[in-house]
Amino acid sequence: MFGAVHIFAALLLLSGERTFQVQVPRACESRSSLRLLLKDLELPRNRAVTIRAYAKPAQGDESFIGLLAVMGDSATATGNRKMPEARITATPAFRRWLEDGSASAPLSIILRPFAGKTALKDLEWSVGAVEWVCR
Amino acid sequence: MDRTDKEESRRHFLKAIGADAAALLLPVALVRPAFGQVCAPPGNTSNPTPWVRDCRSIQARRPASTLTGSEITKLKAAYKAMRDLATSDPADPRGFLHQTHIHCHNCGGGGSTIQVHFGDRFLPWHRAYLYFHEKILGTLIGDMNFRLPYWDWENPAHRTMPSAYTSPNNSTNPLFNSPRSMGPGDTLDPTDGQPATALSETNFADFSPELEGSPHGSIHNAVGGDMSFFDTAAKDPIFYAHHANVDKLWSDWTKADASHTAPTTAAWLNQTQGFFDENKKWRTIRNADVVDHEAKLRYIYAGRTWEYITWLCLRDWVLVDRLQVLDASRIQLTQAGRQKLLPMIGKSETRLRLISPQLPQNRSASYFLYYDERDAKANRGPESPSYLGLVSVVLMSKDGSQKMGQPRKLDFDLKGKLKGLADRSAEFSFFLVEKTQKGPNAAVSKLPVRGVEILRGQEA
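Protein chains in written order, with our numbering: chain A, 1 to 135; chain B, 1 to 460.
Looking at chain A on its own, in the form it has when it is part of the complex (with noise of 0.2 Å):
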């Protein structure tokens, strides 16, 4: 049902946006879905945080791929939510862009944490790869 096509190193920081070098995904483009699997996510369960997720070609501007968020516990929960998987759908208009040969190889993936608007700089988190989906 669905394929990894492409596997990438993450380049982990403490906290704040994080970036990943992926190639274009070229074999989803005639696929009815492309998802962006984001692998051993880890985020605080005192924290709401909503984490979109950007492709930013060699050059040119980035192009928003879709989002994925996610509830904090309670405010005054502690410890980590620790995800294996979790997933962002890519927007039709990120599956345009795509088709419109608008990216070229490679692609950076930019992960950035909010809370509403609200970029989180401060947040400690983690993510260990990402990889697309397609099916």
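Watch out, some of these pointers could steer you wrong.
Unchecked claim - These stretches of chain A come out as covered by chain B in the derived footprint (C-beta under 8 Å, 3 or more residues): (1) 68-80; (2) 85-95; (3) 119-132.
Just so you know, the hints here were simulated from the structure itself, not pulled from any lab data.
Glycine residues also receive a C-beta, built at the ideal position from the N, C-alpha and C atoms.
Fit chain B to the known structure of chain A by using the hints.
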């Protein structure tokens, strides 16, 4: 539901969507409650009563931003009553705090092992939650036609929080909650509240988690404050308008294509959720009961006021009392019967049933039926206090040689009539007057019957 139930539910969901796709889901098994407020439901929930069908008229849930002034007043009055109840009777499960605890308890709060998110009960559970919440609000303001509004955040014109929830933006407004990150006039980020991706999914197993992650989750986070956390989200009244929109999107997705169906496995259909109803009874409702919200839960989503006739709703009618038939035309309500009727006045849907009425068979005609002779003689029809309804006799041949046959029973709605009937201490009769006879002193004839029953619509 215990932990075993939860994991069983999750197993069914994962099985339904396939092993590969299962890897995409957020791992419920890793979500350990690490948070603290006590939010278990109050009272005894060990002997639930199954939910039974609802026969209220079908009413529309409408966009919160389009409510009229009087509708906003009613919405605020309902939440004020719910908040006041939490203070005046803290044990009442219909009070606002207990209502918010329902969500907390079902999200792992207070040590609960239940988690209705991240799985296949996310949509049906929240639909049932809003349904009972809405009925309680309606009951508290004495209006069972009350329906929750929805915040259609995907509408470009409605990207700010509906003004009813922020005006005034202080605690005098029952729809206000503090703190919120999103203030009055703040607009959502352009990437939040976009359901197109979810709506493009072709099966429930993909649609549900997609909708749950975004836009559902992203709107929670965008509003911020209590809405950001599972244990407190329902403390913000905007929660219910937000989830009504999530529910609407499920409804929209279902209508968009015949292949867009809810799971059909017996395991999913028979999953039950527990809630207190508007009468403080602990009810269980199955997923199968919430799939068709229009026929079963009596609401639709619409941009305008809408009301359906309820004739399709097959309510169960329960016998309350048999009146004494002294002879075919002399009826008497006993003192014991009166005591049964009095508590139902203004509260229950009631019917009068005439058993084997002996209708005139001399010609085709329509008759008004009354239970008071003076009203019958005045023959003012529906304006009369004792008017019960219209009865038509249609002969099978013009010369009257073929009779229509007597009906075994005739039912009449007693809405607004029950008190007048219950007040009759002396014996009385039923009277027929031809509909066309206007003015005083109409020709009145008694209607002989073999039996008279009072029925009550079974409460949901």
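Find the hints from earlier in the document that the structure breaks and name them by number, from lowest to highest.
Per hint list: single violation, 3.
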